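Protein sequence lines correspond, in order, to chains A and B. Our numbering applies: residue 4 is where the first sequence begins, and numbers increase by one. Our numbering applies: residue 29 is where the second sequence begins, and numbers increase by one.
Read the hints as simulated data drawn from the structure, not as lab findings. It is possible that part of the hints are untrue.
Dumping the calculated SDA-like pairs for lysine to any residue here, alpha-carbon to alpha-carbon at most 25 Å [said to hold, decoys possible]:
#1 A:Lys105 with B:Lys85
#2 A:Lys45 with B:Asn58
#3 A:Lys105 with B:Met69
#4 B:Lys37 with A:Leu50
Nothing here was measured: the structure is a model prediction, and the numbers come from that model.
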Amino acid sequence: EDQVTQSPEALRLQEGESSSLNCSYTVSGLRGLFWYRQDPGKGPEFLFTLYSAGEEKEKERLKATLTKKESFLHITAPKPEDSATYLCAVLNQAGTALIFGKGTTLSVSS
Amino acid sequence: NAGVTQTPKFQVLKTGQSMTLQCAQDMNHNSMYWYRQDPGMGLRLIYYSASEGTTDKGEVPNGYNVSRLNKREFSLRLESAAPSQTSVYFCASSESMVKPGAFFGQGTRLTVV
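Make a model of the complete structure from these sequences and hints.
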């Protein structure tokens with residue numbers, strides 16, 4: 004069964020305190036792993052797509068990496084505006100739908 | 029530059045009532061999706077339309093119907109609302125099923141009492 008598990012469920016950081024969010028997945032033949040950011044009351048906002056192990060993508064203070072079993076979203080020197088829920092998803096084996104994890108809620112305090 | 033637009037943003041229904049959630053995208057995307065998001069459950073796919081003229085069931089289709097009216101518009105209908113359908117509904121679109129990095133609308137918060 005295609006499955007995505009994110010950890011931790013919630014993460015509290017001080018401004019400037021770097022950390023990583025984890026997304027582990029089980030799907031036969033990965034066709035793509037996706038990271039989204041979701042602010043309260045808003046729809047998910049697309050961040051990155053990763054396709055193969057070893058691939059990395061960066062955007063401002065965020066860097067996403069991919070291995071054969073998991074992906075990490077590294078947050079370097081976070082700011083309060085980085086506070087949000089971060090969602091990970093994989094394309095299912097049939098290639099017809101995104102399977103989402105439950106997300107990690109990040110809170111960054113100044 | 030609207031992206032994906034959903035209407036309404038909020039709705040309260042009584043059990044047994046029907047309603048249609050509207051979605052339109054202006055990015056010339058081929059594929060469109062309807063998801064629901066519930067606390068502790070994550071986003072789950074209800075229905076999708078790979079291209080104009082086609083629709084298929086997702087993970088949780090029971091109690092819903094969809095219509096791909098044209099390339100821009102994809103509506104979701106609840107024929108007889110139930111309290112279990114209380115949720116936040118998101119419409120999304122993508123270039124194609126091969127490139128599913130979807131763009132999401134702002135959501136419709138539906139409460140069924």
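Quick rundown of the hints versus the structure:
For the suggested pair A:Lys105 and B:Lys85, the alpha carbons sit about 21 Å apart, so the restraint of at most 25 Å is met. Among the hinted pairs, A:Lys45 with B:Asn58 is consistent with the structure: their alpha-carbon atoms are about 23 Å apart, no more than 25 Å. Taken as a hint, the A:Lys105 and B:Met69 pair is honoured in the structure, with Cα atoms around 6 Å apart against an allowance of 25 Å. With a CA separation close to 24 Å, the supplied pair B:Lys37 and A:Leu50 stays within the 25 Å bound.
In this structure, none of the earlier numbered hints is contradicted; all agree with it.
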